[in-house]
Structure formats: structure tokens, C-alpha cells
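Trainee: Below are the chains, spelled out letter by letter.
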Amino acid sequence: MNLDFSDDQKMLKEQVRKFLADKCPMSVTRRVLDGDEPYAKEVWKGLVDMGLTGTAIPEEFGGLGLGALELCVIAEELGRAAAPVPFSSSIYLAAEAIKLFGTQKQKETWLPKLASGEMIGTVAISEGTHAAHPRNIETAFSGGKVNGVKQPVADGGEAGVVVVAVNTGGSGEQAVSLAIVDTKAGGVSSEAVRTLDPSRENVTMTFKDAPAEILGDKQGEGWSQLSRILDGAAVLFAFEQVGGTEAALEMAREYALERYAFGRQIGSYQAIKHKLADIYVKKELAKSNAYFGAMMLNDEGAELPEAAAASRIAGSDAYVFAAQENVQTHGGIGYTWESDCQFHYRRAKLLALTIGAPIQWKEKLVSRLEAKNAA
Amino acid sequence: MDFNDTPEEAAYRKQVRAWLDKNATRKADAKGMELPRDLDALIAESKAWQKKKADAGYACITWPKEWGGGGGTTIDNVIYSQEEANYLVPGGIFAIGLGMCIPTVMTWGPEEAKERFVRPAVRGEEIWCQLFSEPAGGSDVAGLRTRAEKDGDEWVINGQKVWTSGAHFCDYGILLTRTDPNVPKHKGLTMFWIDMKDPAVEVRPIKQMSGGSEFNEVFFTNLRVKDSQRLGKPGDGWKVALTTLMNERLAVGGSQGNADTDDLIELARDTTIAGEPAIRHGGVRERIADWYVQAQGLKFTRFRTLTALSKGETPGPESSISKIVAAKKMQDLGSFGMDLQDMGGVIRDRKLSPADGAYTEQWIGAAGYRIAGGTDEILRNIVAERVLGLPGEIRVDKDLPFNQAPKGK
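One line per chain: the protein sequences are A and B, in this order. Sequential numbering from 179 applies to the first sequence in my numbering. Sequential numbering from 838 applies to the second sequence in my numbering.
Honestly, the hints are just simulated from the structure, not real lab data.
Computed list of lysine-lysine pairs in DSS-like fashion (alpha-carbon distance at most 27 Å, straight line):
no., chain 1, residue 1, chain 2, residue 2
1, A, 550, B, 1136
2, B, 1166, A, 453
3, B, 1070, B, 1034
4, A, 550, B, 868
5, B, 1070, B, 1024
6, A, 453, B, 1235
7, A, 453, B, 1165
8, B, 1136, A, 453
9, A, 453, B, 1160
10, A, 223, A, 196
11, B, 1235, B, 1070
12, B, 951, B, 1063
13, B, 864, A, 550
14, A, 188, B, 1136
15, B, 1148, A, 188
16, A, 527, B, 1166
17, B, 1166, A, 550
18, B, 1076, B, 987
For reference, chain B alone in the conformation it holds in the complex (with noise of 0.2 Å):
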């Protein structure tokens, strides 16, 4: 057992990481610089350094080189993202239209789509959002009640969506509909690529819990999209939406800026309980050490995922407990850092709290974060099902017409 990397591995690291120093400034030389905070600013930069990353082959390492790709391994990519971790770049706005929905167009879609999309969506030229979810549609995306109607070689579509990331300021967009309300729920969906520019497409921004807006309500209102917009048959939209949701990108990115056990331990010496350093409190002492089993736990779990990959081996099915264990861990201790600042736990600004103001905004992010992308009960069936081969759960609508199917308001 160990933790270098193999000749060839260590050859690639060697190579983006002089690429990375050439072209990127790291964070521990980055003193004062921060990326913008402006949104069409954090764009621009975040396209420009896309576009470097497609040039030197770094960017969609997987992918073949003919569709703009790296044509590298999953361990190289793996390698990028961890270098590039280090250094001050902008991320993130394209992780959905490269991680879900151009794997999808490629799967799916017509020559034409593929030809006229994977390229510019490689080089950071054109953004993509995925639109699923619903307001009658959440954890049973299949429930969703947007409509698609044909009309000659057109479809109409009229519905909703919701928890849209990046939706203000995608171009393009994948995006779920009902075309058959008599048939059975998953039977009649069909899914379409869309010009999010469309003035038929409204998109409005949801105000978060934390004060945020990182989703967006989508409204369509007589949206007219062609048939050769469509990815799939005509009610094989699930089979697509499977392969959207298959292709989400193995997490493996470091912590995301949370507090963790070891800003906890400073935080426990600055503070107090009865006068004396919260540290010597035991309660405070056996919390600090079940959360750092817990991260050492998901480090390590980790580390045993990327073994399999670096020998070309599929993964086994533990990476599945991370989001669940990672979740509550941030809203817990989050909660925590607050309790330890006592009645100053109530203050929420940067300027005044400890870790810049870390625990209060995680405890505030976590509720959301326990939910996106698969709620805790949603991940915990997931591991009942397919990892302990437990009956999947009982589905009253399974067989029902879905015009038919019990529905609330």
C-alpha cells in the first residue's frame, strides 16, 4: 500500500503541473487575488480558461480528440482535477453541460446535433443546463407534467421547471417532457435540446434559503421546437434521462471551503464553556474526534476508488455513502461552530465570525445540499436497492395511466 503514483501517472502530473504553472496562478501565490464576483466577468474569464484548457488537450480528458477531447484516462482526469485544485481558475459553470447533458446529445442525439454542439460545448463556447426536475417532480422526476405536443414537424411544449442551476445564463439546455399522458409514467416522456435563448423560454431566478441564487424556475409558454431537436425516440425520454443521470461526474474534489475538525479545534481553544477553553470539554472533544473519523473516512474511501481506477478497474459501490455521511457531517458541524460561539453564534458576518463566517453559511448551504442531487432518503434507497439488492419500493402508479395516477395539487 501507498500513495505515489505510478511512472505514468507521475510522467502526466509532471506535465500539468507545468502546463497549470505556465498558464495559472496557484493559490498559495495568490494573495489578495480572487476570481470576480461579477457574474458576466466570472463568465468571460471562465470561458477564456476553458478554451486554454481545450487547446492543451485538458479539457474533457476522457472524450475522444475528433470530438475536442483529451483522449486520456480516467486517472488522468482524476490528476487534472487534483492539480488544478491548487491553482486560482474559475470552475464549475460548465461541470453540468460537460458532465450530463453533452454525454447525453452524444448518446442520443442526431450527426447533426453532435457535429454542431460537443465542439463548442468543449471549448467553453456555449454553456448547457439540464432541465428535470419539477415543482410535481422532485425525487420522482419521472412525475413531471410538462407537456410536449406535436404539431406537423414541431413539437408545442407548455409547462414548468425548477431548480434549474445556471439557467440564467445558459445558451442551451436539455430538457424533459411528457408526451403521453396515457400511458403509464415513464412510458411517455421524451426529451428535446433547447435554444434557452428562445423568447418562449422565462427564466426566473429562485431566491434561496441562504440568501442566494444559484437555481432558477424555468417557464415555458408555447415553446415550438423541431422535430430533429429530439434526443431518442418518442417515449424512450427515461432510457435518455438515465444516461444523463448515470454520466454525473465522479465527486472528487476536495472540501468545498467547509470548516472542518481542524478550524474546529482552533475555534474550541478560542472559546469557552464555564470559563474554561471549550477544548478541555468533553462533549466538545469526543464531537471534534468522531468528525475527523468521519473525514478520514470519506478521504480514504476515496483513495480506495481511485486505486481501482489507477489499476483499470471498475470502482466498487462504496463511493455511494459520500454525499450521504458529507451532508449531515457539514450541517452538524456547522451547527456546532455556532453553538461554541454561544450567543454570538447568532451573528452572520464575514468580518465577525471565526473561519470567515464558515459555520453558519454551511449550516445554512447543508439543508440544501442534503437534498440537490439526491436527498439523503432518496441516496439511502439507492444503497438498499442496488448495493444490498433490497426490494425497491412499492409504486401505486407504476402500471396506472399517468392522467390517471393519484396526483396531490
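Next up, chain A with everything else stripped away, as it sits in the complex (with noise of 0.2 Å):
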């Protein structure tokens, strides 16, 4: 039996912490989220420098050639500084897609460009402000072009390989293909959108006769590929969420500890400590189910569907919640733009739709679990 990381990975995972650590404390993201900057390109640049973009890509596409195991550590650390980088876009998302489903040569061509950082990718799917379906999806490539709007699009304007979900004709699922624009080609146009969480860039993205090609060889694979590489995402993003709970948590607690009212320590009442013992709990049961999504992750496993929908559900679950009661057990000051309680607040909730919402993925378990079930 083991369910836990190797000696290696813990040591990789301190490491990260502690650069995010020094270098990406709340200060850093409170700059993102009242200025200008798409992303802390310091924060990018030192992540990039200790080789954190290339670590589960091949070496021959540049890459360290480790494997789904030392991204999970990576993410649990970027979950917990809330950190405003586009890691998530351009690794969990773009990279794995092209690192799944690319040619040879699309590999080529792309991934030693995002495993060293000097490229930034993304992944458009949303149209708007509804649940992506084979049935909805409007953005269309025909004749290698793309033309359509996604919107949000998450570090869309600064990203310079988008993997797009595209309507390629045909009927149900087989009507969706994944297509790679390079947005250097020209046709492609961002103007951000306004979001929750201004700490981390989204934009709208109008593509009008986009120069594209399939991702892969074959169209209308789009939507059993979309489902693996989001399945592969929701265990990271678990790991974020993972990562921003204890974070939470931790907020919460020291400031249980240190803020007296009626003359005790609120940590000191039922009310608060009850609270807390709640987070708690939802966050071990996020981190169990995310370490089993791990697991199922880095062997390509069959459950691998099921285990990365609860650690999703789990982990949007325990973030949500444990942002939530941090403002609550801050009182007032936790409501102000001074506090750094709004840094989790914001984060949560975007995590927990970014990649789906939770009641998608409840769905999309459960249909599993039915399917199964017959068998």
C-alpha cells in the first residue's frame, strides 16, 4: 500500500513552496488584481527558471520528462499562494492536450516552445455563460479556418498556442474537434472580460478566419479528447484547490487565535472551532480523493474518469467552503478590500468553474457510476 508521494517529489514540492514562498506572497497577487499585468511575470520567470513548465513533458520535446505526479505537487503549491500565473493554461491544459493528442510534428513544434516557458498556451471551450455541449458549440473550422468567439477564455491574451473546441459538422459528439491556432497567424483578437478574480487574465477571443489545423489527424475526436484532458486538469486543479483550503484554513485559524471578543479568543467557541473542524474535514477528504486521482493520473488508469470527477467535486467543494467561512470567522475586516481574505474568495470560486462547475462533473460521475453499476 501506497497512497502518498515519493521522498523526491516532497522535496520538489518544498521547493516550490518556498519560492512561491519569498518570491509570491498575497502582496503579489493584490498587484495583479489592482493593476494592469495579465500575470506576475517575475513569479512566471522564476518558475520557469527552476524548469517547472518542462516537468511533465517529454525530454525529446524539451522537457524534464517527469511525470503526472510531480505536476500534482507543483499545482498544490501554486493552490496555495494563489498564485496569478498562467501555469494552469499553458501546462495542465495546453501542453497535456498537445502531449496527448498532437502529431509528431505539432509536438514538435509546440511543446519545446511552452516546456520552456518562452510560450504561453491556452485552451478556449466556453461560448458564453452556459455549459459547452457537442449540441452548442458555435465556433467553427472549415477550409483550415476558425471563426467564432470564446469567451472566457482563461491568459487568452497572452497566449500564443490556443487549442480550440470547434464545431467540424456531423452529428453528436462527433460534430467537435479540437483545432490548434497559432495566434501569431493573424485572425485571432482578445479584449479581456471582466471577471471575479482579476488576479488571474481571461478575455474574449473572436477568431475570424483564424489560420488552423486538427489537433491530431482526425476530426470529430474533439469530445472524448476534450473529456481526457479535462479529466487530467481536474486532478490538478484538485491539488490547487487542495493547496488553497489549507491556506484558507490556516488564515482562519490564526486569526481565531489572535482576535479576543467577549474577552476570550473566538477560537475559543464552539461556533468557530466547529467551523474549522469542518473545513478540515472537507479538505483531507479533497486531498484523499485527489491523491487517488493522482494515482489513477499517472498510471492512465481505468477509474481514471470517476477519480478525477470526485476529486473535483471534492476539491471545489472544500475551497469554496473553507474561503467562504474564512471571511465569516474575519468578521468585517475580512470584507475589506485590505484584507487578503479576497484573494481565496475570488480564487476558489473561479477554480471551482473554470474547468466545469461541479454540478457538470456530479453528472458526468454519476453516469459512469450508472454505467458501471449495469454491468
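Bring the two chains, given one by one in their own frames, into a single complex with the hints.
Mentor: What follows is the structure, given as C-alpha cells:
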């Protein structure tokens, strides 16, 4: 029985943690949230210099050739710091998509750039305020061109390469393909969109006859490819959520110990103690689900879809709850702009929505469980 | 990451399986067979099985061989429990004695007591119970009122215990008493072992809300015990009791026959909401997802604990969440299973109700499970104080002599 990370992986985690504690305190997240920078460039450069962007990219494409477990420990630390960097878009999503389904030539073209951090990538799925589905994806690909509008697209304004969910005609899931768009090739424009968490950039991305090619070499497989890409990302985001939950719990705990009301530390009242105990319980459930998710992702196990969904559901539940109750524990000061509580509050909800809301993942999970139960 | 045994663990598991195959019946092959329902027959069968285990070194696996144990590791014990769970064998009646009482005797008892009691308990010849809770001392066990007064070389005990599992068939018990009411409550307690068959001990079963009777009230009327039956010094009873409570076994068992999400999916296929299969209803689907995620979370939390044990490390505090989550889930899932049966959900009949009536039984049983062995509230206090380091409760009776502290009826 070994449901734990190796000593090497734990050491990597410690290095990332130290780096972020030093270079990416909450004041950096605040700076990005308050200002016009799309992301914290000096933090991104530091992560790149440590080789972290290339972690899970094979050596032949300029990466370190490590696996999913290394990405998981990095994710947990990025989540703890609520780091304002495009790591998830570029690595969990774009690089993984190309690594999993790209042709040899596509991998050779894009992966070295993503590994070295000289280019940022992202994926573009959503087309507004409704869940994407094979029936409603309107952005179209034909004759080597993409036309349509994607919104919101995380880190889209900075991305050099975008993997776009497109309609290629046909019925049902076969209507969807994934296209690779080089944003420097013309026909792509981005406009910042106001979101609940301005520490992470999101844009409206418009494609007008943008030159593109299909990811891999076959059309009509985009929906199942996307499903696999999002399963992997769900596990990695779950580790961010676990890290964020721990950070929010720690903030709440520290405040509960230093704040006095009615002559006592507020952390001595059961209303607060039990609230924080409930955060701890949700955090451990999220962590345990994420560990199994990590194992399935690393082994490409048969239970990856269920494990990914469970990781995502538990991770979203834990972080949103922790972030909300962290503000509540702080009382009025927690609701001010000057308080750091807002960063977890915003980020928790952003992460819970960014690759599909929990209710969508619950549906996906139960469909799988139903099929298994019937078998 | 993997769920595999180490080579040593695999070898031990193989040996355990071979022994179990020779001495017991696999549940999978036990169609129509069941354990005796009659209590005397069940006790006889339990004792016979325990003796067999002791002879083979599978009773009290982690205890030293000189005390009748197996001389094995914690992970050996976990492996044995996992394997034994696949066989139709009696279990349970020795859990409190071997898990809590005898370790207390071993830590605090005089040499004669250890010589006299440890081996027979390991071999299942004698059964023990734990007499701590009282009507006036539940979550606040140290508020207990059963008095023990010194009389020469003896102590005279009067009072009442409650929620004593198995008192009606136990041979011996460990009893926490108040020997000095003039000092604050934690300082005036003393522990003894007692003979449950003494005529001054009266056991009355408690009929539970579920209709079953697993617990008892136990009354002491001028029960005389020798000073040599004392475990630890007079006034050290709280310290002794903490040893008992710390020895609560690592919960590694599987589910206890409760319905889970797989059963719920089946039930939701067979029932309807507005004429459509309930399984198509979003509200049903969301609950199934939530409970599945909780169940998986608990399972892999247990695996994380086992990982630490397997590596010879001390497990982290994560296992403390287990009962908080499991008890409430058991109640809610039972309740929802009854809802799916609609008006028929009121029926409590194993022959008529789905899943052998599991939903109703677990809903009723969960009301007790949320309280037994630490209430939801006490467990949250424990997480808050021991894991998160938040302040302990304000105790207004902490420094007052027990006989001057505020009390209810």
C-alpha cells in the first residue's frame, strides 16, 4: 500500500513552496489584481527558471520527462499561494492536450516552446454563460480556418497557441474537434473580460478566418479528447484547491487565535472551532480523493474519469467552503479590500468554475457510476 | 503510488489466507449459512474461534508472544483484519476487552493481575467490559458520581453506570469511580477491575430506539473490592482512563452492512419521481455523486493511514475525520433511501423493504452512531483542539472541588 508521494516529489514540493513563499506572497497577487498586468511576470520567470513548466513534457520535446505526480505537487503549492500565473492554462491544459493527442509534428512545433516557458498556451472551450456541449459549440472550423467567439478564455491575451473546441459538422459528439491556432498567424483578437478574480486574466477571444489545424490528424474526436484532457486537468486543479483550502484554513486559524471578543479568543468558541473543524474535514476528503486521482492520472488507470470527477467535486467543495468561512471567521475586516481574505474567496470560485462547474462533473460521475452498476 | 503489498506483507497475507481457508468458510461460499442468532450459541462460537486464532498467533497480533499475542506489526494486524472480513466468522464480543480493558490492565495493573487476566482474555476464555459512562457523565466522563470508599483493605462501591456494551455476558470489567469528592473532578477518580458476576452488581439491559438491546445499565450496591484490584494509584483514575481511551483501535473495517451509493443507484432505477425513473432526476443524481465522493474520500483517507503504517511511520491526524463523516452520511443516505420509496418508506420489514430493509435500519441506527464513542460535537472539538491547536473549552468546574461544582439533576 503506497498512497503517498515519494521523497523526491516531496522535496520538489518543498522547493516550490519556498520559492513561492519568498517571491509570491499575497502582495503579489494583490498587485496583479489591482493593476493591469496579465500575470506576475517575475514569478512566472522564476517558475520557468526552476524548470517547472517542462516537468511532465518528454525530454525529446525539451521537457524533464517526469510524470503527473510531480505536476500534482507543483499544483498544490501554486494553489496555496493563489499564484497569479498562467501555469494551469499553459501546462495542465495546452501542453497536456498537445502531448496526449498532437501529431509528432505538432508536438515538435509547440511542446518545446511551452516547456521552456517562452510561449504560453491555453484552451478555449466556453462560448458564454452556459455549459459547452456538442450541441451548442458554434465556433466553426472549415477549410483550415476557425471562425467564432470564445468567452471566457483564461490567459488568452498572452497565449501564443490556443487549443480551440470547434464544430466540424456531423452529429452528436462527432461534431466536435479540437483545433490548434497560432495566435501570431492572424485572425485572432482578444479583449479582456471583467471577471470575479482579476488576479487571473480572462479574455473574449474572437477568431476571424484564423488559420488552424486539427489537433492530431482526425476530425470528430474532439469531445472525447476534451473529456480526457479535462479529467487530467481536474486532478491538477484539485491539488490547487487542496493547497488553497489549507491556506484559507491557516488564515482563519491564525485570526481565530489572535482575535478576542467578549474577553476570549474567538477560536475558543465552539461556533468557530466547529466551523474550522468542518473545513479540515472537507480538506482531508478533498486531499484523499485527489491522491487517488493522481494515482489514476499517473497510471492512466481505468478509473481516471471517476477519480477525476471525485477529485474535482471534493476539491471545489472544500476550497469554496474554506474561502467563504475564512471571510466569515474574520468578520467585517474580512470583507474589506485591504484584507487578504478576498484572494481565496475569488480564486476558490474561479477554480470551481474554470474547467466546468461541480454540477456538470457530478452528472458526468453519476453517468459513469450508472454504467458500471448496470454492467 | 500503488495499492500493492510489500513482499513481506504479501507473504503474510498469503499465510493468513491459507490459514483462514483451512479454518473458516468464505462469505462468498457461505450461501444460506449464518452465525447463530441465539446469544449463548454466539458466545460459544466466538470463544471457540478466538481460541483457534490464539493458538495460531492471530489473536492480539501486535502483542508480545509471552502474553499470548502474535508478536507481529500493526500492518500485520491490518492485513489479518482485511482478510478475516471475507470469512463468515464471529467477531466483536472481545473488541472492548482486548482493545481497551486488557491494555489498561497491562499498563497499570499489579503483576498478579497481568498474570491472571491477560492470557485468558487473549484466548477468549474471559470477556471484559468497560464501565465509564454514567447518567451524569457522558461526553464529560470525569463528571461521574459512582463512589468508592475505603474500608480497611477493601473499597465499597455504590452507584450506576450506563451504556455498558456487553455487560450482560461479561466476566470482568474495568470500573472508573470517584474516591475523593473534595478535590476537582479529574483528581478524585480511581480505577478498579471488578468481577461482573458478583451479586452486588446488577445488569439491566437498555432497550434502544432501534428496538435492540446492545447496551446496559449497571448498578452497584455495596460492591466490595480488594485494594489489590486497584489499577493505578488512588486519584490517578483519569490518567488510567486516558490509556484506555487511547487504545481505541484503529478503525480499519469495511462497511457494516449499510446501504451505499451502489445500492442507491439500484433503488433509484426501481423507483419513480413524477412517473419517471428516480435515477433520471437531478436531485437524486446530485446526492448520489456527493455520497460517492464522501465514501471515496473516507476510503482513501484510510489508505493514506495504512500507507504510513506500512512504511513504519506514525499516521497523521487525518483519520480523525472518519466517524464525523461516516455517521452523518449513514443517517442521510438511509433517510434518502426511505424517501425514494415514498409512502412505502414507512414500512420496516426486511421482506418488503428494498436492500433487506437497510435504509430504515441504518437511519435509526445512525442516531446512536452519531453519539456513541464520541458525539459529532465532541469529535469536532477534538479536531479543533488537537489537530488545529485551537483553545480548549472553558471549564467552570476545573478548579472547584467536585462536591461544590455546579450540577444538574
